[in-house]
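> Letter by letter, the chains look like this.
2 protein chains.
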Amino acid sequence: MQKVRPIIRVVLVGTEGEINLGFIARLAANFLVDEIYLVSPLVDPFSSEVRRFAAHGEYMVEHFKVVNSLDEALQGVELSACTSARVGQRSDVLRHPVTVREFVERIAPRYNSIAIVFGRESVGLTREELSKCHLLIHIPANPDYPVLNLSHAVSIVLYELWVMRSGSRSIVEPAKPDIYERIYKLLFEIAAKIIDRERLQAVDIALKRILWKCPLTAGEASALYYFAKKLRRIIGEQR
Amino acid sequence: MQKVRPIIRVVLVGTEGEINLGFIARLAANFLVDEIYLVSPLVDPFSSEVRRFAAHGEYMVEHFKVVNSLDEALQGVELSACTSARVGQRSDVLRHPVTVREFVERIAPRYNSIAIVFGRESVGLTREELSKCHLLIHIPANPDYPVLNLSHAVSIVLYELWVMRSGSRSIVEPAKPDIYERIYKLLFEIAAKIIDRERLQAVDIALKRILWKCPLTAGEASALYYFAKKLRRIIGEQR
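As given, the protein sequences belong to chains C and F, one line each in that order.
Counting in the numbering used here, the first sequence runs from 1 upward without gaps.
Counting in the numbering used here, the second sequence runs from 1 upward without gaps.
Keep in mind that the hints were calculated from the coordinates and are not lab data.
Warning: the hint list may mix true and false statements.
Claimed, not checked - For lysine to any residue, the following SDA-like pairs were computed, each having C-alpha atoms within a straight-line distance of at most 20 Å: (1) Lys-176(C) / Gly-88(F); (2) Lys-176(F) / Val-93(C); (3) Lys-213(C) / Leu-79(F); (4) Lys-132(F) / Ala-223(C); (5) Lys-132(C) / Ala-223(F); (6) Lys-176(F) / Gln-201(F); (7) Lys-176(F) / Asp-92(C); (8) Lys-132(F) / Gly-219(C); (9) Lys-176(C) / Val-93(F); (10) Lys-176(C) / Ala-223(C); (11) Lys-213(C) / Arg-106(F); (12) Lys-185(F) / Gln-201(F); (13) Lys-176(F) / Gly-88(C); (14) Lys-230(F) / Val-93(C); (15) Lys-176(F) / Glu-105(C); (16) Lys-229(C) / Val-93(F); (17) Lys-213(F) / Lys-230(F); (18) Lys-213(F) / Glu-105(C); (19) Lys-185(F) / Ile-195(F); (20) Lys-213(C) / Val-93(F); (21) Lys-213(F) / Tyr-111(C); (22) Lys-213(C) / Pro-109(F); (23) Lys-213(F) / Leu-79(C).
Since we're looking at a predicted model, the values are computed, not measured.
Please take these sequences and the hints and turn them into a complete structure.
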């Protein structure tokens with residue numbers, strides 16, 4: 001499995017639920033987290049329930065590192081960020097967060113190793129724990145009910161970090177520039193046969209715009225090319 | 001509760017797990033989803049287990065709309081997008097997706113109502129179901145294990161839609177421009193007293209850069225201003 005920089009360490013403080021621990025192991029596999037540190041978990045992190053919810057991420061359960069303090073869990077990383085759904089008032093600087101989007105776009109890419117700290121399902125992180133991290137991250141959500149379940153908060157932060165690390169690579173082979181031109185020529189030929197002279201220019205431009213404004217995959221473009229070829233043949237026979 | 005445009009409908013096809021249904025109700029409350037349609041769920045969507053995992057999102061369970069077909073669940077929305085972890089080869093156009101980021105940035109803002117369709121935990125959506133939607137959305141993840149648990153896939157899509165709808169509003173009151181200037185003046189005064197003439201310009205510039213490169217909250221800025229004022233007084237007394 002490839003290593004993707006920066007190294008990501010998930011730190012879970014006082015986790016209370018086996019389902020969440022299992023789901024987080026799975027997410028760690030989905031988004032290639034390097035390390036999971038558990039600070040004094042309240043459940044057995046190696047139970048069969050945890051493994052069941054980890055699904056194909058069960059190998060990450062084997063890599064759980066259980067420690068006794070947050071200090072220990074933060075050793076050896078360049079940057080640490082804790083997470084909280086609670087945002088402080090003006091004077092409560094400890095609870096002034098950056099959004100997770102801002103964190104991954106502006107801050108995280110400058111570091112080689114990052115720890116993200118998540119608190120207890122019931123009460124989150126204490127003020128003392130919050131003060132041990134360099135930064136505070138917040139996931140924007142409905143102000144009337146911003147508190148996500150633990151593993152869902154983890155999923156969003158890990159997803160954002162994944163997008164940051166993997167970039168915006170095309171997932172599927174994109175259409176090559178020349179196929180747009182070929183589809184366009186066929187469609188214009190057809191249009192020229194069946195559209196009145198006074199409307200032809202608008203249709204011509206509209207065909208160009210829909211083709212060049214919308215990025216197609218190679219497969220989509222070749223299916224459209226096939227369609228246009230068939231169409232031209234039939235129109236050619238009729239006229 | 002405020003309405004945020006576009007209207008978002010979550011459509012769950014053949015959901016198999018009560019925990020996931022409960023978590024999704026909670027997420028719908030966290031991210032202000034308007035409607036949840038369940039197409040032939042395999043579990044009782046109104047069970048106590050579902051309600052337990054919904055937490056403060058239990059009111060969304062009351063709003064579950066159970067229907068018998070995907071066609072029914074897609075009625076009345078302008079745009080429908082299904083989701084899949086599987087990406088097709090070149091010729092399999094049905095499985096050529098857009099990423100969720102591309103979807104929310106480029107496509108979704110143009111519509112007033114959007115349905116997002118999520119498939120079964122075990123096997124996702126059938127090809128027939130995929131073909132009923134306008135678009136296919138993909139969440140980028142580890143290619144060796146891209147399959148997220150259902151409710152975690154939902155969390156990421158709803159989070160992206162929330163960011164799109166709520167914009168990048170500051171969560172905490174940002175520092176006003178003049179406080180940077182006031183902090184800078186104090187720090188420069190101190191620097192001018194204690195730094196050699198030949199190094200002063202570099203320190204001066206560095207002070208400007210750290211103050212203006214890093215957006216501060218009003219609370220952070222006022223704490224730094226307080227610190228700088230104290231410092232100037234003490235330095236003034238000593239020299």
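> Indicate, hint by hint, whether the structure satisfies it.
To see whether the hints hold, each was checked on the structure:
For the given pair, Lys-176(C) sits about 18 Å from Gly-88(F) by alpha-carbon distance, which is consistent with the 20 Å threshold. Proposed proximity of Lys-176(F) and Val-93(C) is supported: the alpha carbons are some 16 Å apart, at most 20 Å. With a C-alpha separation of about 19 Å, the suggested pairing of Lys-213(C) with Leu-79(F) holds against the 20 Å cut-off. With a C-alpha separation of about 18 Å, the suggested pair Lys-132(F) and Ala-223(C) falls inside the 20 Å cut-off, and the hint holds.
Between the alpha carbons of Lys-132(C) and Ala-223(F) the distance comes to roughly 18 Å, so the proposed pair stays at or under 20 Å and holds. Straight-line distance between C-alpha atoms of Lys-176(F) and Gln-201(F) comes to about 26 Å, which puts the hinted pair past the 20 Å bound. Pair hint Lys-176(F) plus Asp-92(C) holds up; C-alpha atoms about 17 Å apart against a cutoff of 20 Å. For the hint pairing Lys-132(F) with Gly-219(C), the CA-to-CA distance comes to about 19 Å; that is within 20 Å, so the pair holds.
A hinted pair counts as satisfied when its Cα atoms are at most 20 Å apart, and Lys-176(C) with Val-93(F) qualifies at roughly 16 Å. Restraint check for Lys-176(C) and Ala-223(C): the C-alpha separation of about 14 Å stays at or below 20 Å, so the hint holds. Proposed proximity of Lys-213(C) and Arg-106(F) is supported: the alpha carbons are some 11 Å apart, at most 20 Å. For the suggested pair Lys-185(F) and Gln-201(F), the alpha carbons sit about 14 Å apart, so the restraint of at most 20 Å is met.
Simply put, Lys-176(F) and Gly-88(C) have alpha-carbon atoms about 18 Å apart, close enough for the 20 Å limit, and the pair holds. Annotation: proposed proximity of Lys-230(F) to Val-93(C) holds, straight-line Cα distance about 19 Å (limit 20 Å). The hinted pair formed by Lys-176(F) and Glu-105(C) fails the criterion: a straight-line CA distance of about 23 Å is larger than 20 Å. Simply put, Lys-229(C) and Val-93(F) have alpha-carbon atoms about 18 Å apart, close enough for the 20 Å limit, and the pair holds.
Pair hint Lys-213(F) plus Lys-230(F) does not hold up; C-alpha atoms about 24 Å apart against a cutoff of 20 Å. For the hint pairing Lys-213(F) with Glu-105(C), the CA-to-CA distance comes to about 15 Å; that is within 20 Å, so the pair holds. Under the criterion of a C-alpha separation no larger than 20 Å, the hint pairing Lys-185(F) with Ile-195(F) is consistent with the structure, at around 15 Å. A distance of roughly 19 Å separates the Cα atoms of Lys-213(C) and Val-93(F); the hinted pair therefore holds under the 20 Å criterion.
This hinted pair checks out: Lys-213(F) and Tyr-111(C) have alpha carbons roughly 18 Å apart, not beyond 20 Å. Taking the CA atoms of Lys-213(C) and Pro-109(F), the gap is about 16 Å. The hint holds against a cut of 20 Å. A hinted pair counts as satisfied when its Cα atoms are at most 20 Å apart, and Lys-213(F) with Leu-79(C) qualifies at roughly 19 Å.
Comparing the model with each earlier hint shows violations of hints 6, 15 and 17; every other hint is respected.
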